[in-house]
Amino acid sequence: MNNKPSILIVGAGAIGSFYGAILKKAGCRVSTVLRSDYEAVKAQGVRITSPLGDLSYRPDQVYREGDLPDEAPDFLIVCVKILPGVDRIQLVAPWIGEKTCLVLIENGLDIERELADAYPGNPLISCLAFIAVSRAETGVVEHKAYGKLVMGQYPKGVDDNCQVLSQLFQDGGINIDLTEHVVGERWRKCLWNTPFNPLSVIANGADTRTILDTTGGEELVRAMMREVMDIAAAEGYPMDEALLDKNIAGTRKMPAYKNSMALDYLNDRPIEREAVLGNVVAIAEQHGIAVPHLNTVLVTLKMRAALEGRG
Numbered sequence: 075m076n077n078k079p080s081i082l083i084v085g086a087g088a089i090g091s092f093y094g095a096i097l098k099k100a101g102c103r104v105s106t107v108l109r110s111d112y113e114a115v116k117a118q119g120v121r122i123t124s125p126l127g128d129l130s131y132r133p134d135q136v137y138r139e140g141d142l143p144d145e146a147p148d149f150l151i152v153c154v155k156i157l158p159g160v161d162r163i164q165l166v167a168p169w170i171g172e173k174t175c176l177v178l179i180e181n182g183l184d185i186e187r188e189l190a191d192a193y194p195g196n197p198l199i200s201c202l203a204f205i206a207v208s209r210a211e212t213g214v215v216e217h218k219a220y221g222k223l224v225m226g227q228y229p230k231g232v233d234d235n236c237q238v239l240s241q242l243f244q245d246g247g248i249n250i251d252l253t254e255h256v257v258g259e260r261w262r263k264c265l266w267n268t269p270f271n272p273l274s275v276i277a278n279g280a281d282t283r284t285i286l287d288t289t290g291g292e293e294l295v296r297a298m299m300r301e302v303m304d305i306a307a308a309e310g311y312p313m314d315e316a317l318l319d320k321n322i323a324g325t326r327k328m329p330a331y332k333n334s335m336a337l338d339y340l341n342d343r344p345i346e347r348e349a350v351l352g353n354v355v356a357i358a359e360q361h362g363i364a365v366p367h368l369n370t371v372l373v374t375l376k377m378r379a380a381l382e383g384r385g
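Following the working numbering, the residues of the sequence shown are numbered contiguously, the last one being 385.
Misleading hints may appear alongside valid ones.
As the list claims (entries may be wrong) - Straight-line Cα separation of at most 30 Å, BS3-like style, residue types lysine-lysine; simulated pairs:
id	residue 1	residue 2
1	K99	K78
2	K332	K320
3	K230	K155
4	K230	K173
5	K222	K173
6	K155	K332
7	K155	K173
8	K99	K222
9	K78	K155
10	K332	K116
11	K263	K218
12	K116	K263
13	K320	K230
14	K116	K99
15	K116	K78
16	K116	K222
17	K218	K173
18	K116	K230
19	K155	K116
20	K155	K222
21	K99	K218
22	K218	K332
23	K332	K99
24	K222	K327
25	K78	K173
26	K376	K230
27	K222	K320
28	K99	K173
29	K230	K99
30	K173	K332
31	K320	K218
32	K263	K376
33	K155	K218
34	K327	K263
35	K155	K263
36	K263	K222
37	K78	K218
38	K230	K78
Since the hints were derived computationally from the structure, they do not count as laboratory data.
Small disclaimer: the values here were computed from a predicted structure and weren't measured.
Please model the complete structure; the sequences and the hints are all you need to start from.
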């Protein structure tokens with residue numbers, strides 16, 4: 075019998091599908107909760123092209139939102155986008171058991187607190203995904219580069235659940251960095267997300283190469299990154315200046331990449347504006363830190379949303 079932990083993924087889009095495939099490869103029972111792709115995944119599974127090989131798989135169970143699980147999973151992995159009107163507490167309520175460990179693989183700052191407060195008896199692991207992956211069509215995912223996860227117990231520490239889950243991911247073929255200070259790591263992730271995601275929307279869905287190669291583009295990205303570093307330092311999470319060059323160099327090495335926010339914008343879906351950028355600017359205001367580049371981009375996004383009726 076398979077004694078590996080059971081996995082349930084809520085929000086099995088590009089990110090959730092990829093990490094579900096990795097855990098399936100590690101020998102876990104992996105089930106998914108889907109909305110738009112339910113029929114396709116139920117019929118043919120998830121097709122994933124990847125530098126790691128063909129990661130296509132059939133989930134053990136495919137649920138719709140509103141279904142009830144056969145049993146509560148050991149690990150409930152949440153990969154939904156953090157958007158206005160998305161109630162994650164209610165989303166996970168039908169699926170979480172007394173001993174279920176919550177796992178968040180999501181973007182943004184201070185995203186754990188509401189779930190930690192709602193389910194204080196359940197351990198919570200916070201993860202940051204460093205990956206280039208996108209949904210090509212219904213039930214089809216393209217993994218282009220990377221895949222590493224940085225994970226830790228929220229609000230700090232590394233517990234047995236972290237150790238077990240990290241080993242499973244490694245068994246499936248990806249790198250894991252365990253951290254005692256996952257909130258600080260979220261600030262490090264913001265160093266990339268906060269410039270590149272919003273700029274891609276302002277530039278009509280531009281890819282990373284276009285953003286960096288346009289005259290003045292790299293300089294703008296660097297200026298926004300420096301402002302993020304200033305805010306993080308005020309929050310108690312200083313970063314090495316060398317991370318600027320490291321992030322730019324790493325981005326130039328990957329294929330031209332349309333990030334998730336760009337794809338959401340191009341497909342008329344809501345974007346994670348507040349989780350990725352608005353919260354960062356709000357924290358800067360709390361500390362009285364001037365962030366002219368970040369604020370200009372935020373206000374421009376709000377103007378664009380108002381003009382296009384996207385809210």
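Hints and how they fare:
Distance restraint check for K99 and K78: the Cα-Cα separation of roughly 12 Å lies within the 30 Å cut-off, and the hinted pair is therefore satisfied. For the suggested pair K332 and K320, the alpha carbons sit about 19 Å apart, so the restraint of at most 30 Å is met. Annotation: proposed proximity of K230 to K155 holds, straight-line Cα distance about 23 Å (limit 30 Å). Among the hinted pairs, K230 with K173 is consistent with the structure: their alpha-carbon atoms are about 20 Å apart, no more than 30 Å.
Using a Cα cut-off of 30 Å, the hinted pair K222 and K173 holds, with the two alpha carbons roughly 26 Å apart. For the suggested pair K155 and K332, the alpha carbons sit about 17 Å apart, so the restraint of at most 30 Å is met. With a C-alpha separation of about 25 Å, the suggested pairing of K155 with K173 holds against the 30 Å cut-off. This hinted pair checks out: K99 and K222 have alpha carbons roughly 16 Å apart, not beyond 30 Å.
A distance of roughly 28 Å separates the Cα atoms of K78 and K155; the hinted pair therefore holds under the 30 Å criterion. For the hint pairing K332 with K116, the CA-to-CA distance comes to about 28 Å; that is within 30 Å, so the pair holds. Between K263 and K218, the direct Cα distance comes to roughly 19 Å. Compliance with the 30 Å bound is thereby established for this hinted pair. Only pairs whose Cα atoms come within 30 Å are accepted, and K116 paired with K263 is rejected, the gap being roughly 34 Å.
About 26 Å separates the Cα atoms of K320 and K230, which keeps this hinted pair within 30 Å; it holds. Distance check on the hinted pair: K116 and K99 sit about 19 Å apart at the alpha-carbon level, within 30 Å; holds. At most 30 Å may separate the alpha-carbon atoms for a hinted pair to count; K116 and K78 meet this at roughly 23 Å. Note on K116 and K222: the hinted pairing holds, with a Cα-Cα distance of about 28 Å set against a maximum of 30 Å.
Between the alpha carbons of K218 and K173 the distance comes to roughly 35 Å, so the proposed pair goes past 30 Å and is violated. Proposed proximity of K116 and K230 is contradicted: the alpha carbons are some 38 Å apart, above 30 Å. Only pairs whose Cα atoms come within 30 Å are accepted, and K155 paired with K116 is accepted, the gap being roughly 22 Å. Annotation: proposed proximity of K155 to K222 holds, straight-line Cα distance about 19 Å (limit 30 Å).
Only pairs whose Cα atoms come within 30 Å are accepted, and K99 paired with K218 is accepted, the gap being roughly 18 Å. Taken as a hint, the K218 and K332 pair is honoured in the structure, with Cα atoms around 11 Å apart against an allowance of 30 Å. Between K332 and K99 the alpha-carbon distance is near 27 Å, which keeps this suggested pair within the 30 Å criterion. In summary, the hint linking K222 to K327 is supported, as the alpha carbons are separated by about 16 Å, within the 30 Å threshold.
Among the hinted pairs, K78 with K173 is consistent with the structure: their alpha-carbon atoms are about 15 Å apart, no more than 30 Å. At most 30 Å may separate the alpha-carbon atoms for a hinted pair to count; K376 and K230 exceed this at roughly 34 Å. For the proposed pair K222 and K320, the alpha carbon gap of about 16 Å is at most 30 Å, so the pair holds. The straight-line distance between the Cα atoms of K99 and K173 is roughly 24 Å, inside the 30 Å bound, and the hint therefore holds.
The hinted pair formed by K230 and K99 meets the criterion: a straight-line CA distance of about 29 Å does not exceed 30 Å. Using a Cα cut-off of 30 Å, the hinted pair K173 and K332 is violated, with the two alpha carbons roughly 38 Å apart. For the hint pairing K320 with K218, the CA-to-CA distance comes to about 19 Å; that is within 30 Å, so the pair holds. As the CA atoms of K263 and K376 are separated by approximately 23 Å, the hinted pair is consistent with the 30 Å bound.
In summary, the hint linking K155 to K218 is supported, as the alpha carbons are separated by about 20 Å, within the 30 Å threshold. For the hint pairing K327 with K263, the CA-to-CA distance comes to about 18 Å; that is within 30 Å, so the pair holds. Of the supplied pair hints, the one linking K155 and K263 holds, its CA atoms being roughly 16 Å apart against a limit of 30 Å. With a C-alpha separation of about 12 Å, the suggested pair K263 and K222 falls inside the 30 Å cut-off, and the hint holds.
Of the pairs offered as hints, the one joining K78 and K218 holds, with about 28 Å between alpha carbons and a cut-off of 30 Å not exceeded. At most 30 Å may separate the alpha-carbon atoms for a hinted pair to count; K230 and K78 meet this at roughly 26 Å.
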